[in-house]
Amino acid sequence: MSGPENRRRLVLPGDRLCVIEEFLPKSGTRVLPTGDVISTTIGQPEYNHKKHEVSVKSVKNIEKLKIGDIVLCEVQDAQEKLAGCLILAKNGKKLKNEWSCVIIQAPPTLTVGDLVLARIIEEVSGTYTVTINERGLGVVLAFCDKCGSQLRHGRSGLFCSRCRKTYRKKVVPYYGNINKIVDILGLQSIPTSVSSNGG
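Counting from 1, position 89 in the sequence shown corresponds to residue 767 in our numbering; the numbering is continuous, with no gaps.
Please keep in mind that the hints were generated in silico from the structure rather than gathered at the bench.
Beta carbons are placed, not taken as given, at the ideal position from N, Cα and C, and that holds for glycine.
There may be inaccurate statements among the hints.
[As the list claims (entries may be wrong)] Below, in silico cross-link-like pairs of lysine-lysine (DSSO-like), each with a Cα-Cα straight-line distance of 27 Å or less: (1) K848 / K772; (2) K772 / K858; (3) K759 / K843; (4) K744 / K728; (5) K847 / K824; (6) K704 / K742; (7) K744 / K848.
[What the hints assert, rightly or not] Computed beta-carbon distance windows for the label pairs: (8) P851 / V802: 25 to 35 Å; (9) N726 / R840: 42 to 52 Å; (10) R708 / I782: 26 to 36 Å.
Required output: the full structure, derived from the provided sequences and hints.
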């Protein structure tokens with residue numbers, strides 16, 4: 679059911695919450711001719727299972743992103759020349775709210791789970807478009823799509839030390855540097871002895 683899945687997520691105007699057979703639309707929502715109930719504001723969805731009602735509580739002081747922001751993203755869906763991502767941090771600060779973005783002209787070598795550093799180039803109705811096709815941007819950390827091991831950086835590109843599979847990805851100069859990634863997330867650095875396995 680839609681409610682439990684989205685309860686803690688930040689929704690944007692137009693986001694689908696449920697169908698009218700599940701919950702009746704209240705404040706911050708409206709029903710479409712199709713029967714889908716959507717949000718009309720930015721906020722947190724609230725589902726009343728006893729009354730079978732859904733509303734969206736408007737969230738104030740939301741961390742907004744803007745064009746030009748450098749963001750750390752996790753690839754969640756990779757297709758040819760297009761990748762859907764979850765934005766984890768911007769300009770070295772971890773985000774409290776969840777935002778999604780799309781990488782346009784994405785290299786075909788991007789895979790689900792890759793952490794990438796990108797720049798926001800467009801925003802339309804709360805949907806962000808980012809690029810990694812600039813100097814200093816690219817994959818920060820990646821994992822083998824076969825065994826899940828962290829990929830190491832070698833002379834010929836990235837490789838899995840377990841499967842011996844090689845990958846060609848556009849990487850940042852500090853690829854695999856865990857402390858640098860922690861800094862980008864706005865968190866406290868960890869001991870070098872722990873991060874030394876990052877390659």
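What hint numbers does the structure not satisfy? Of the numbered hints given earlier, the structure breaks just one, which is hint 4.
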